[in-house]
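K.L.:
Each chain is listed here by its residues.
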Amino acid sequence: MKLDVQWAAFGIAALSLLVLPMISTRDPFRALPWEMALMLVIPIFLHISAAWDPAEGAPKWWNDLTAIAFSMSFATVGFLLTVELQMYTDVRMNRPFSVLFVFMFTMAAAGFWKICEYVGGLATGDPTIGDNETVMQFFVWALAGGIVMGFVYDLYIRAMSDSRRKTLGFMHLYEVAIWRNG
Amino acid sequence: MAQRLSTLSRLMQLGMVAVAVAGPLTGNTTWLPAALFSLFISEVPSLLRRDLKLVLPVELNFWIVLALFLHVVGGYSGFYDRVPGWDHLTHVMSASLVAALGFVVVVVVDKYVDSIYLPRAFLAFFIVMFTIAVGVFWELMEYANDALAGTHLQYSLDDTMVDLLFDTFAGFIVAAAGANYLKSTSPDHFVRLMNVEAAKGKLKGVKDRALGR
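Sequence order for the protein chains is H and D.
For the first sequence, position 157 matches number 1203 in this note's numbering, and the numbering has no gaps at all.
For the second sequence, position 199 matches number 377 in this note's numbering, and the numbering has no gaps at all.
Bound conformation, chain H alone:
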């Protein structure tokens, strides 16, 4: 059996992001907004489903789909970071900076992911990273996903209704939503 350490780590990280607010507020109804939870879970689902036919391997479009979902998922983590830094630390960002942050985070996470995969492949002698072309495709999707999701999350936070923001109050979405234009 092959243990997919990297994806397991991602899964555990995603799960902790999901339960963190519940634990910190001791309220089981204060989970992440469902759409964000979905964003975190989709790439994992796509990745494990890619092994439905181990002999053939997944088709290219499936890998692209996984890469797109994955970059959106990185962007989601980046966005959660902006919100939680605002909540738990002295860090203050404004709108343009937070959009830039989500974009940068997505690119950096994609790069870091591939570096880990590469080094892991060298260490175990069983590379899973593919060729240069595959890695570059992954980065192209990270670039696209990062730019798009940076703006999407900005719109998202502005479009959210006040009542919903109050329900999800744990994230200080309230405070973040009134980020001043610097």
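Because the hints were derived from the structure by calculation, they are not lab data.
By construction, the Cβ of each residue, glycine as well, lies at the ideal position given by its N, Cα and C atoms.
If a hint is listed, it holds; no wrong ones were tucked in.
Output of the computed footprint for chain D on chain H, the stretches with three or more beta carbons under 8 Å from beta carbons of chain D:
1) 1130 to 1144
2) 1153 to 1162
3) 1182 to 1192
Rough simulated footprint, nothing fancy, chain H against chain D, three-plus residues with beta-carbon under 8 Å:
4) 317 to 325
5) 331 to 341
Start from chain H and add chain D according to the hints.
P.N.:
Just chain D now, with coordinates in the frame of chain H:
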């Protein structure tokens, strides 16, 4: 120290001029555009100083010229093909340069934009993140260049990944150095040393003139 660094910078610029002159004479003009462009870039800090009164740290000036020098003169001498790891050396140079410029910009933004506050630890994190992101972007540009212009900038996957690995190292080193620097110097002092206030005034003047005020 400062004097010595600027003398060294001048010498390295001279080296690039030599490449620009030697190229056409020997019929090897591959590196001519790079040499001319690098010479221009290496003069940008002086231009900023003259026209905007903005003073970049001497070490940063030196680093900029050194990175360009290694790229151009090393490239002209065929080091990219002959010296193992030359490619990675210049990558570390350019990545640390990007990280350092990112550091300067972020400190200035932190000082001048009221709605942004970036503590030291976050600054270090941001620099690492920024450097890896730019590294990925750089590789994408090389890839695009290879695909569109038929060049051969990316040799292999190993090469690309080791580039990224070195970029990451450079990011960590600059982030640590920057955070360490800010331990003894306040961001305010750093910004004052660069004379950003005067540059801001100059920029405002340029903007006003452009808008016809």
